[in-house]
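Trainee: These are the residues of each chain, in order.
Protein chains: 2
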Amino acid sequence: MDKLSVVKIGGNVIEDTKQLNDFLTALSQMQGAKILVHGGGKKATVMAKKLGVPVKIIDGRRITDTENLDIITMLYGGKINKNIVAQLQAMGCNAIGLSGADGNAIKAVKRPKKEIDFGFVGDVTEINASLFKLLLRSQHLPVCCAITHDQNGQLLNTNADTIAASLAKGLSKFFEVSLFYCFEMPGVLKKIEDKESVIGEITPKSYTELKNNNVIHSGMIPKIENCFEALKKGVSEVKIGSPLMISGVSKYTKLILDDY
Amino acid sequence: MDKLSVVKIGGNVIEDTKQLNDFLTALSQMQGAKILVHGGGKKATVMAKKLGVPVKIIDGRRITDTENLDIITMLYGGKINKNIVAQLQAMGCNAIGLSGADGNAIKAVKRPKKEIDFGFVGDVTEINASLFKLLLRSQHLPVCCAITHDQNGQLLNTNADTIAASLAKGLSKFFEVSLFYCFEMPGVLKKIEDKESVIGEITPKSYTELKNNNVIHSGMIPKIENCFEALKKGVSEVKIGSPLMISGVSKYTKLILDDY
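So the sequence lines, in the order shown, correspond to chains A and B. My numbering puts the first residue of the first sequence at 1, with every later residue one more than the last. My numbering puts the first residue of the second sequence at 1, with every later residue one more than the last.
A few of these clues could be false.
Said to hold, decoys possible - Using 25 angstroms as the maximum straight-line C-alpha spacing, the simulated DSS-like pairs for lysine-lysine come out as follows:
1) LYS50/B / LYS42/A
2) LYS56/B / LYS50/A
3) LYS56/A / LYS50/B
4) LYS195/A / LYS233/A
5) LYS49/A / LYS43/B
6) LYS50/B / LYS43/A
7) LYS49/A / LYS49/B
8) LYS50/A / LYS49/B
9) LYS43/B / LYS50/A
10) LYS133/A / LYS133/B
11) LYS43/A / LYS43/B
12) LYS110/B / LYS49/A
13) LYS42/A / LYS49/B
14) LYS211/B / LYS50/A
15) LYS133/B / LYS50/A
16) LYS42/A / LYS110/A
17) LYS43/A / LYS49/B
18) LYS43/A / LYS42/B
The set of hints was computed from the structure by calculation and includes no laboratory data. Keep in mind the model is a prediction, meaning the values are calculated, not measured.
Chain A on its own, in the form it takes in the complex (with noise of 0.2 angstroms):
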């Protein structure tokens, strides 16, 4: 089976203008098919600022209005998007940027409405395989941004850890998937002030003690739980670290299900 790598790239590469051409440069020299997935990071509270929107949070989740839903749409399917793909084609690399929207690519369903309206926000439901293959299958790189559709017309603003994990699970049936969840630590760290003690590897009973002793703990929570889930579907490999470890010069965290 050939080999593809899913690679996310979180906000804080995007908003730093050397870290995001050092990341570009190792993922346009990166072996093999490969798709990159982008959130967006602060731009869109910056710009929601500048047009007078307000953002609204609740319980430290961000609500996702027409207003906001629009300057995610402007943001990371506009110029982060179209940015970074100009920049991968100036590398030699045959980047083509897509939103959920485009070619059907990724679909989801509106977040049902419980104790929290989250708005317009996105639960993937199905990736298009088929897209995917072809687009990879003719040297193309995709570049997604966070947006999906609900193929009613509405675009939804989506999660993009959840958007790399969906494309990494879809298609493992195709490719050798390896998937790279590239943050701004050099991995799940012992000590959160000790950019040194990256832990090698977690397993789930690891996991389970690093939890426990609260070494784990909120937002990482969900991302390792993805990336199990990952494994779990086929996905051949998950590592966490910063953008370069894409080029093998930094440390990461790797996630493997051997004491299963």
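Got chain A; can you put chain B on it based on the hints?
Mentor: For chain B alone, coordinates are given in the frame of chain A:
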């Protein structure tokens, strides 16, 4: 040879939700392969105002500085493009949005600085026929915004009419191409105040007369010259009219080379 329709819509259609929806419905029902090219209308000016970005106009022509290019990329490449794509997907049409950077779809050079420095404005040099053939033959409908790239990482604001003509010409080796310019009038008019006075056909000879008599003037001149140029370069037919001419329910002006 397979038929291909290249359809360009202007800002006036984009501005009007009902008109846009009617047009997209007609487009989704149009037989055969098709490409949509869209401009962005006044939305960029409105957004520039909201963001406090000055819009520079020299000799009636807009200058694209970095901040205005960002706005154009957000709106044309993001909000407008993605919403059109999502709407077409809802109509069962497998639309895929593209800037010129995506898949290296449309290359351009930054317009050389002469009397006026237009800033980040592109003159199309080449369209990527392979990409469009790949997408069209896999039943996609490319939706192109009016942005190109220079292959060195720079996005460029580019005239949508020119993009449509370049696509029509560049693909005429592989398809029997019809080029449709949809605008706010039902065609080229004999009398601007009489919408019934659509000129059915314009030949290079009648064009010269119409120009001499000042029936055709200002912005219509480059439009029509682009049309004749397209016909000379292998495009099968060029029509100018209202958006709904594509479904055959309205009049149009047909450009022909017959008197050559």
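Trainee: With reference to the structure, classify each hint as holding or not holding.
Mentor: Checked hints:
no.: 1; hint: LYS50/B / LYS42/A; verdict: holds (20 angstroms)
no.: 2; hint: LYS56/B / LYS50/A; verdict: holds (21 angstroms)
no.: 3; hint: LYS56/A / LYS50/B; verdict: holds (21 angstroms)
no.: 4; hint: LYS195/A / LYS233/A; verdict: violated (31 angstroms)
no.: 5; hint: LYS49/A / LYS43/B; verdict: holds (19 angstroms)
no.: 6; hint: LYS50/B / LYS43/A; verdict: holds (17 angstroms)
no.: 7; hint: LYS49/A / LYS49/B; verdict: holds (15 angstroms)
no.: 8; hint: LYS50/A / LYS49/B; verdict: holds (11 angstroms)
no.: 9; hint: LYS43/B / LYS50/A; verdict: holds (17 angstroms)
no.: 10; hint: LYS133/A / LYS133/B; verdict: holds (16 angstroms)
no.: 11; hint: LYS43/A / LYS43/B; verdict: holds (20 angstroms)
no.: 12; hint: LYS110/B / LYS49/A; verdict: violated (33 angstroms)
no.: 13; hint: LYS42/A / LYS49/B; verdict: holds (22 angstroms)
no.: 14; hint: LYS211/B / LYS50/A; verdict: violated (47 angstroms)
no.: 15; hint: LYS133/B / LYS50/A; verdict: violated (41 angstroms)
no.: 16; hint: LYS42/A / LYS110/A; verdict: holds (23 angstroms)
no.: 17; hint: LYS43/A / LYS49/B; verdict: holds (19 angstroms)
no.: 18; hint: LYS43/A / LYS42/B; verdict: holds (24 angstroms)
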